[in-house]
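Letter by letter, the chains look like this.
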Amino acid sequence: MRKKLALSLGLLLASSSVLAACGGGGGGNTANEKPQDTKTLEWYMGEDPKTLDYALDVDQSMNYLISNSMDGLFRLDADHKPQPAIAEGQPQISSDKKTYTFKLRDAKWSDGKPVTAKDFEFAWKRVVDPKTASQYANIMFFIENAQEINQGKKPADTLGVKAKDDKTLEVKLKNPTPFFLDLVAFATYLPQREDIVKKHGKAYGVTPDKLVYNGPFEISTESKKGKFVLKKNQNYWDKDKVKLEKVNLHSIEDDATAVKLYETGKLAWSGPLSGAFLTKYKNHKDKFVPPYASSWVLIQNFKAKDPNKAKFFGNKKIREAIDLSVDRNTLVDKVLRTGRPSGSWVPKEITVTSGKSIREESKLDPTKPDPAKAKQLLQEGLKEAGLSSAPTLEILVNNIDPNPQIAQYIKEELRKNLGLNTVVKSVPFKQRLELSDRGEFDLVLYGWGPDYNDPMTYMEFWTSDSPNNKGKWSNAEYDKLIEKSYSNTNFEERSKDLMKAEKIWVDDHATVPLYQSDRLYLVKPYVKGVKWHFFNADFDLKEAYIESK
Amino acid sequence: MDLVKYSVRRFGYMIVTLWFIITVTFFLMHLLPGSPLRNEEKLPPQIKEQILKEYGLKDPLHVQYFRYMGGLLKGDLGTSMTFDGKKITDMVMEGFPASAQLGLQAIILGCLIGLILGVISGLRRGSWVDNITTVIAVLGVSVPSFVIAAVLSYSLGLKLGWFPVALWGTFSHTVLPTLALTFIVIAQIARYTRTEMVEVLEQDYIKTAKAKGLARNKILSKHALRNALIPAVTILGPMTVNLMTGSMVVELIFAIPGMGKLFVDCINNKDLTLIMGTTTFYSAFLLFAIFIVDILYGLIDPRIRVAQSGKE
Amino acid sequence: MKETMKLTPDMFQPAEIDDSAKNAIARPSIGFWKDVWRRFYRNVGAMVGLVLLSIILVLTFVGPSMGKTDYQAQNLSVQDQEPTFQNMISGDDYRFGTDNLGRDLWTRVWYGTKVSLMIALLAAILEIVFGVTIGVISGYFGGMVDNILQRVIEVLYGIPNLIVVILFLIIFDPGIVPIALALALTNWLPTARIVRAQVLKLKSQEYVLAARTLGSGHIRTMTKHLLPNIVSIVIIAVMFAIPSAIFYEAFLSFIGLGLRPPEASLGVIINDGAQNLQIFPHELLIPSVIIGIMMLSFNLIGDGLRDALDPRMRK
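If you read the sequences in order, they're chains W, E and A. For the first sequence, the working numbering begins at 1 and goes up steadily by one. For the second sequence, the working numbering begins at 1001 and goes up steadily by one. For the third sequence, the working numbering begins at 2001 and goes up steadily by one.
Calculated directly from the structure, the hints in this document are not laboratory data. One or more hints might be untrue.
When the alpha-carbon atoms are kept at most 25 angstroms apart in a straight line, the in silico DSS-like pairs for lysine-lysine are as follows [said to hold, decoys possible]:
| hint | chain 1 | residue 1 | chain 2 | residue 2 |
| --- | --- | --- | --- | --- |
| 1 | E | K1048 | W | K153 |
| 2 | W | K50 | E | K1207 |
| 3 | W | K480 | W | K500 |
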């Protein structure tokens, strides 16, 4: 799910020290002169957003635009902690931790109308309403009855959200949810205006003029294909903190193009670098590494259509052999040129109840390659599984770089170390989704980015009935631990259970953990005050400014 | 009178062909395997039904077909399935101006250079101009356009800084992408013109003109050139359409908001309505261009009007 | 001793006059193909093309075995190594350097050239078989048949090539045969048109009429009398179809629908290299130069053949 927030960022860790670390390396002719206009920022954006209606779906570009032009109940601060935004102060939380009551501050939409609790109620009900067919409805399932409504089992007005009056919003949750305030900062939880949605009908969200905004910027009607424009929102409640007048976001789909534009000073942020650019700009003075959370694994299909393959993956020794035969260090250093080897599923950015990184609490080191042991295990495993020889396996990836490279590397490792025959099948993004949904693969490369800062965003991935569990790995104990954690009010214990579940997943070699990606950006040193996040949205320009001497 | 009749007949052909193309693609599209919905696994069955109904995909095929044709008559290409709620007519029209501008510029520049090179090398076969033209013509068709585009943007844009490396806005932004597109035009026009020029110069009527003492320039302009241009005009129609509907590669490398990527996007997203829409637009445009070329032919060469079935 | 001439009766036998010897041709005869070859041979450009293409062809067979490793073996400790002139000659190290996964570019490039040529040849053959068959039938029979076929061609012409090719490759997984088929599927149309035009011209000539009058059937007339006379056009079409197929395959790789990695074709290699143009230009330049030389050769040969095959060009 790359498109999902697999593309979010990490915090600006000691940016000054990073920026100070100049070194040799390429890119000599960088145009670093300050722009004439210190109120306008030239910014990178991937492809054009598919829609601006954030109830329907959230793609990367839309999230860039919406997260900067809207304000939710809460907004992430520079340390990724949710802080009250449209909500005035912290909510009242009931003793069973299942009812949240938010008080709303006086805030206005860009057309001057006040932001009310009704706007939130309407928006959330619209998302879970099956008629809306939102791609992101499952992020609302923490709210009472949301799942049932979305599956058509209950009417839409039973959703656990209610505007008590214009300024009070009461939310009933299905289970105690420690990370709920992270969620209300997310695009799908943003308010929507019933009158505007009704007025435009199907055209709602198609173009910027068919929406209203309550955030730091509004998406200007100057926006057109290839170039979206954010203009300061004069009706924003916190507009004194907004220093930029205008941000131009350019759609650029070729990394080399983005770098060239950055080099000629036409962009203040290059977007994520890839391939050999990572080597070239490794020591560039403008380089910026946002700790980034995205976990990549190779899923093995336990329910492969070919019974021999199902038997093959059904054997734990064989799975361990595959795990032992891939050298993650070379993969990360040479093939990807960025990222960290991984022996777990949850990336280190995710924190547990103690406030510490999950990887500090539960150390799961990357597997050290051991071809000799792997070979032996494979032979034993084949015998146990009753197979005379290993079947030829198909590695499914999407055709977006660097995924084909990764697949080729794994193919070579499996051939070299285990003598396994594999075929790389690289297909367009949507086709890979379809094939893996239908279980038509042997091995598939999969990445996952967090939707909120809690291990659960990762751990619910592998339960037996999860639609994301493409390989159909199934473990009763794992399922039980996750089920228990959903409703556990003892958050300490919940954290421990989730870590225990992850350990089960690792010990059973359920999938092959490969790496956790990192990103490398080029950011002009004159750009200050950008908040970079590893979940929710990649960046927040609310308080960004261009430094003028 | 003859020409009017001829035009009307060609126009009739055009409409019938267009109708055929739309019909064929329409039914082919609906034979495609797999579901047109995104993330269909996630959706509960009744919701799936509902969305399919909303897009009218639950109706019998012939009902869908007539509805689609009805929409087309009103200039409505339908609504995209992946770009939620977007009108395909709008999507095409958003990208078309940029693509069309680049395409036209490339065609005009390419024709100018191509014609000059073609005529000169046709006149002086074996000369250095001829050899250079051959090399240009071959390079033009033998280096992939993404290589040309990347090299141009890197050298003239980044290294020398003469033109913007990418993005869209002013005329200077169009220079490099136009150059990248024009190579193929120069190559083809030069090649066709040269071949035809060589052939025409061998014809008896040129010898006659020479024999009766006509000045060299007169022979060229009056007799040779006009006839040598005919094949160039033939390929000009489809080539213009192809260039004006955008080159995905060039638009990607120069970050141009054109419509070239639509043709790849629609299929990668398996967006049935979008595939139909782009195909219809392209076909209508192409057939119209061919129609115009045919009429031009009829004007230039009266034989074609009469010997209709023998044209090529 | 007086010399006497002895006359014997056998001296008065009628001389045997061999009529056939009279007609004997003192110098070897020059048939059509020999003549073609002679004119082709004199064409410097065409010969240069032929030599270059032969060198490339030889290298596609011996090249891969001259490399350090096979085309898919990775050695990530020598990633993106740039070639040196010395290595290129001696072969001590990677002759063409290595690519982003540390694979021997020399082996990959020649292996890829072979694959590209196979795709192109297959596509060209399919395209010619299809185009010629339809073109001949359409032109020969004329009338209703021609009308219908021409309308069909027009319809197919109106559907964007790209859409047809991509759809085809999504339904059938990309490989040498499906890519060749997909290319042939769209490219036979122009061939059919050209052939038809040529047949229209030929069929009204006297020798065809003569053949028909003497009782030659449709099939015989088409295969024995028409086909040989369009061979030159067909050969030229092949010469131009091959490069355009190589080119299109490169484009398919660019949009991620070409051969599956780690399979190599020139298109795949060029596409991999294009991403590194600014940093490791050799990864793009080497395969681009080879594709360029190959295209140049095909075009020169094509031009040469056209000149040689067309009697009007006879000097």
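> Which of the stated hints cannot be reconciled with the structure, identified by number in ascending sequence?
Replying inline: 2
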